[in-house]
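Chemist: Protein chains in written order, with the numbering used here: chain H, 1 to 242; chain Z, 1001 to 1242; chain S, 2001 to 2242; chain Y, 3001 to 3242; chain E, 4001 to 4242; chain L, 5001 to 5242.
For the record, the hints were derived by calculation from the structure and aren't laboratory data.
Here the structure is a predicted model, which is why all the values come from computation and not from measurement.
Incorrect hints may appear among the rest.
What the hints assert, rightly or not - The calculated SDA-like cross-link candidates involving lysine to any residue, where the alpha carbons are at most 25 Å apart (straight line), are:
(1) K20/H <-> S153/H
(2) K1084/Z <-> N4151/E
(3) K156/H <-> L1185/Z
(4) K3182/Y <-> F3224/Y
(5) K2007/S <-> P3230/Y
(6) K212/H <-> D1051/Z
(7) K1020/Z <-> K2084/S
(8) K233/H <-> F4226/E
Claimed, not checked - Here are a few chain S residues that face chain E, going by a calculated C-beta distance under 7 Å:
(9) S2109
(10) R2145
(11) S2204
(12) G2206
(13) K2212
All residues carry an ideal CB built from backbone N, CA and C; glycine is no exception.
Number of protein chains: 6
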Amino acid sequence: MYHHVKKLMYTVRVGEADPKFGRMLLEQFGGANGELAAAMQYSIQGLNCEDPARKDLLMDIGTEELSHLEVIGSLARLHLKPTKASREAADADPLVAICGGGGVGLFNSQGNPWTADYLKITGELDVDLRSNIAAEARAKIVYERLIDFTNDSGTKDALQFLMTREITHMKAFMLALQSMGKDPLKIGEIPPTPGLVDQFFNDSTGEGDAGKEFRGPWNEGNGFQFVEAPAFKELRDRSGSR
Amino acid sequence: MYHHVKKLMYTVRVGEADPKFGRMLLEQFGGANGELAAAMQYSIQGLNCEDPARKDLLMDIGTEELSHLEVIGSLARLHLKPTKASREAADADPLVAICGGGGVGLFNSQGNPWTADYLKITGELDVDLRSNIAAEARAKIVYERLIDFTNDSGTKDALQFLMTREITHMKAFMLALQSMGKDPLKIGEIPPTPGLVDQFFNDSTGEGDAGKEFRGPWNEGNGFQFVEAPAFKELRDRSGSR
Amino acid sequence: MYHHVKKLMYTVRVGEADPKFGRMLLEQFGGANGELAAAMQYSIQGLNCEDPARKDLLMDIGTEELSHLEVIGSLARLHLKPTKASREAADADPLVAICGGGGVGLFNSQGNPWTADYLKITGELDVDLRSNIAAEARAKIVYERLIDFTNDSGTKDALQFLMTREITHMKAFMLALQSMGKDPLKIGEIPPTPGLVDQFFNDSTGEGDAGKEFRGPWNEGNGFQFVEAPAFKELRDRSGSR
Amino acid sequence: MYHHVKKLMYTVRVGEADPKFGRMLLEQFGGANGELAAAMQYSIQGLNCEDPARKDLLMDIGTEELSHLEVIGSLARLHLKPTKASREAADADPLVAICGGGGVGLFNSQGNPWTADYLKITGELDVDLRSNIAAEARAKIVYERLIDFTNDSGTKDALQFLMTREITHMKAFMLALQSMGKDPLKIGEIPPTPGLVDQFFNDSTGEGDAGKEFRGPWNEGNGFQFVEAPAFKELRDRSGSR
Amino acid sequence: MYHHVKKLMYTVRVGEADPKFGRMLLEQFGGANGELAAAMQYSIQGLNCEDPARKDLLMDIGTEELSHLEVIGSLARLHLKPTKASREAADADPLVAICGGGGVGLFNSQGNPWTADYLKITGELDVDLRSNIAAEARAKIVYERLIDFTNDSGTKDALQFLMTREITHMKAFMLALQSMGKDPLKIGEIPPTPGLVDQFFNDSTGEGDAGKEFRGPWNEGNGFQFVEAPAFKELRDRSGSR
Amino acid sequence: MYHHVKKLMYTVRVGEADPKFGRMLLEQFGGANGELAAAMQYSIQGLNCEDPARKDLLMDIGTEELSHLEVIGSLARLHLKPTKASREAADADPLVAICGGGGVGLFNSQGNPWTADYLKITGELDVDLRSNIAAEARAKIVYERLIDFTNDSGTKDALQFLMTREITHMKAFMLALQSMGKDPLKIGEIPPTPGLVDQFFNDSTGEGDAGKEFRGPWNEGNGFQFVEAPAFKELRDRSGSR
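Excised from the complex, chain H in its bound form (with noise of 0.2 Å):
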């Protein structure tokens, strides 16, 4: 059960509101990594959840996503408010001007409608805090970008008040993972297939425009043999038929 308390969970101050960065906050509020995706995810991970004390910190941490969405709605509005009486702000969203009467929705920077194709939920616990790490990760370094694409001092200090969130959640999610004292690269119960899981196929060859050739930790060392191009010698043959 939930209830709403009248308290934006960050107050939001706007000097000057900025029509086209209210467009670009509106990636935070029905974006692709913004803060309904979170909620949802979160939130309906927690509610399929099995585990109990798990299930706990999805739905705390589901539930402060809902507060987060408020606050940077709330600041998304007031940079996108001017589009509903000036035409030059219109033009920066004219989605949020025409049928939003200068009011947001849950739409991206460039007028997407939310969908939940952005949520991953699979209902394997130690793969669903994954994909929440990783969902932090990203929602962390999309506040930074807009941090760094506003001079307005209230709304820097809300974006920083939400992004320091991310970064709590995903220390949370990573404790999280770590305490459920699973092999990082066992998922499920089938085991993967002996030898081939240590193969690395070297899939894109040679040097060019589009890069060169390395090695490195994730394809020599730790077990790992590395496979010239499966495709390799089948073209090989053939060259050599010619």
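Given the structure of chain H, go ahead and fit chains Z, S, Y, E and L onto it with the hints provided.
Modeler: Just chains Z, S, Y, E and L now, with coordinates in the frame of chain H:
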């Protein structure tokens, strides 16, 4: 530049076609955690990547996923082929039957078209690697579930091959992330706000049909300050005023 | 700011799980007229609303819908859980089974992802209230249809609870609209063109498999001027010229 | 059966093309509250409708909306045509310019494709009429906003025509609903649970940046029982226990 | 301007309703190659078209497709109607049953909403005609598959009518294209690069489960220069260096 | 099986980055007529194809389109890169800037995610070849429009290369279709209804702002029987009765 050779990375054999299972297989062809999603996510991250070594890694694995797409598509095709001629089979996947003539398309198990909204591409390398680790974990568990739902040995073999490769990729992405030598909680450049970053907000409380409260390493110790629900004080005050 | 308590607004009990019915229930979890749509529509209207009294109303009901989302999700989860282990159950909803591991996601009964395109938010208060009245009416009839398709008494009880609340909300929105004291046909500020506004265009004529013509209060009396099909004169002239 | 005559329902004239305004006009061509949405919503409701008299009404108005689609499309076309040859104009709507060659497509002001998710069709006549009343109110306010953002007199005239017709339709749908003689709070056949239906849940409380609490006819009098937030008791108890 | 007459272009009769077949029929109502897609594609091409003669053609056929939409919708409605009252029928299409009350909506056979992404409209007349020829061919084969999956004679008759008309339209579009007198390989104004345009790149090579290589008029003779895979040389060199 | 070599099929050079033009280029990366759409359409048709010779053709060209995807993506990347650091550049494509960190994603010029709804795959070879011919014609005209909107010579060169290849492919698909030796109006197996197939329905009539009527080879001669609008007779009778 890409080249195609007319050999599957893993030869597919199917005993008896099972159209309803073929429909399930489409999750890994045109679904959210499927092979096209993997191929596109890694290859486009690679295209954008400015770290030449890990760019090579992204292209290696991105290309391998294209070969997987071909394998899973060929497998699904064998299971779905009867939908062309048999009305009963067609009822299992009318979209494949009526629109596709029994051939596969980029749809998931319930006919939703593949969408780039499935992808997580931020242009921040360590963040992208985290998204990839999570993506591989999801793909692994999906393959495991598919294996659990078929008795056909040829099908199981192909799925086991594909499932195994996800673990290989997961390991490679993990090692690539580690080799960057970054503090796992340092994302981007702007530091989180000290103090605030250590607060764990207990936003879901009580006990009931939807669980109960727990403490764990994700909200105690590890530098955490446990904060009773931020909304709580206001509610408590209100409660006191009655 | 939001707070979550670990008690459902209505405790869900299910006798025997019915996965195909669980699939139907998803309409009210992640479907077009479901609880997330209601929660988001009212809460975001509330966020944008500048009439403080009705803003409170929108937040009250928007928040209640979040609690409903949790109830219907928990109910659907109970019916869909067998899809994790049983192949026959999985065939009822392969997306839930394969991707969700038997857990619910924000999809409708046929696996379409929830989208903000379901929402109607204009930032014009009386218009939004009309959209809400219609939304509640739709949700009510959907719950009724669900009740008609199950014999499970615990399921019926939960659905009856949720259905009842839609009527409560419908009444509240109607009274909120009435209390604004606006002429129901006055929307916004610009008046319609006199004369033209009274013309009823008879654009579908004749009699056949697709119906026949009727007069009623919606096209006669009430100030209406009945205009035979605007396209008609041209056709008649053409007919005459042959 | 449909017939088309080569006369617009309202002749469109444009002084100077304004591509950015043309983009805004697309909201009423291929957008959520636009003419195709209206045409399809009413016509398909009509196709399904078993009340022959109101079926006629739905077809009359559904058909008129097709004529409006042609008018608004022709108007948008005139404003967007320069995007074919002028790079500056093309920047206003690159999708129209590059893909459409300066011609209109079924997109909204920010290039999202029209989707049937915009439609509200339930097959329950009184419910559908409520959805239609709300749809007309939305379309009216959108036209008003468009009128406010242009100074071109020919454009204003065409929009005034289209806006006026929305009020005509709104009135017709209201009268059609009234003439059914149903209790406005009786939807479908299953009655709501007595008592519960009269409870108003105060789920958003307190005072702060996000508003304060109000009583009004929507939550007091009118048979309402005001229930302090259902989640509250648990929280209060918890609070007391500290 | 449009006018509707209450006679179907082809009267639909159904012996015994077959809800699963009704679901298949939705492909031609709200699906990718269906009648709405045809109606919208041609009518909007017509709206944008500046060749007055072929504009007339596009409007003629675009309007006929609206009449087909009505026929196929009426037919699907008859097959899907039992979903309103019968749980077993409802399981065949829960979206139609629960949301639509047994009435049709703009969805395809697996419940995906119609989207303007199905349309191909470029504003280049000869290109659009090619898209239309292809669209008619697709619609024809879809109708044929539907006919193959039903034994109901009334249904077969209506589908035969609709299928026949696709051939009529295909022929008309072909003749309209021919009558433009353009070189079929001349699209737009900018000529392709001589030499390069004649090279056929053999980018898929070898022999295996995924086929083998063939020469045919599409890559030999006809001015073609056969180029062994562009990526090949690099691979061959690499191979040589081992 | 696929292999990637680190050389672009065409080396991209950009003088001065033009972010707004970069946004336009995304049409051919993640847009409806772009290179991913081509690659997927042909490759999946190839995967399903049972004619071994034309299967080879489909794979040859499908693979080449993957190489084109890499070229256009690399080109768009160069134009969009400034969106990472410059606020002004970021305003040109906020989705690329904020979510992508200046890197490309599978979006079109207005930020819509790539969707498999763009694809036309029927599993009927001659029909698929027609869809491909039309697809190549669309891609050609889109490239031409892009060339017309840039002055950067390196950009023009790359686009000219890609544009040229579309004509090559168009020719190959045309020859592959011709070589099947099918009557162009014979699609599938079920013949159209004689007589009915020759009737041209004149469903759009009169003269006005929306054009006038024309006769041409598409509705006279060529075996056509010209039928005045089917809906007409009813209207005429009605007209006569006044």
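Chemist: Compare the distance between the alpha carbons of K233/H and F4226/E with 25 Å, and conclude whether the hinted pair is satisfied.
Modeler: Given pair K233/H, F4226/E holds - Cα atoms ~23 Å apart, limit 25 Å.
Chemist: Checking one constraint from the list: CA of K1084/Z to CA of N4151/E, max 25 Å. Satisfied?
Modeler: Within the cut-off at roughly 16 Å; holds.
Chemist: Between K212/H and D1051/Z, does the CA-CA distance stay at or below 25 Å?
Modeler: 11 Å, holds
Chemist: Is the shortest C-beta separation between R2145/S and chain E less than 7 Å?
Modeler: 5 Å, holds
Chemist: The hint names S2204/S as touching chain E; please verify it with the least Cβ-Cβ distance against 7 Å.
Modeler: 4 Å, holds
Chemist: Keeping to a limit of 25 Å between CA atoms, is the pair of K2007/S and P3230/Y held or broken?
Modeler: Within the cut-off at roughly 10 Å; holds.
Chemist: Does S2109/S meet its interface restraint, that is, does its C-beta lie within less than 7 Å of any C-beta in chain E?
Modeler: 4 Å, holds
Chemist: Holds or violated: is the Cβ of K2212/S closer than 7 Å to a Cβ in chain E?
Modeler: At 6 Å from the nearest chain E Cβ, K2212/S passes the 7 Å test, so the hint holds.
Chemist: Please work out if K156/H and L1185/Z have their alpha carbons no farther apart than 25 Å.
Modeler: 21 Å, holds
Chemist: Check whether the Cα positions of K1020/Z and K2084/S lie no farther apart than 25 Å.
Modeler: 16 Å, holds
Chemist: Would the hint on G2206/S be counted as holding, given a Cβ-Cβ threshold of 7 Å to chain E?
Modeler: 4 Å, holds
Chemist: Within 25 Å, alpha carbon to alpha carbon, are K20/H and S153/H?
Modeler: 17 Å, holds
In summary, the structure agrees with every hint in the numbered list given earlier.
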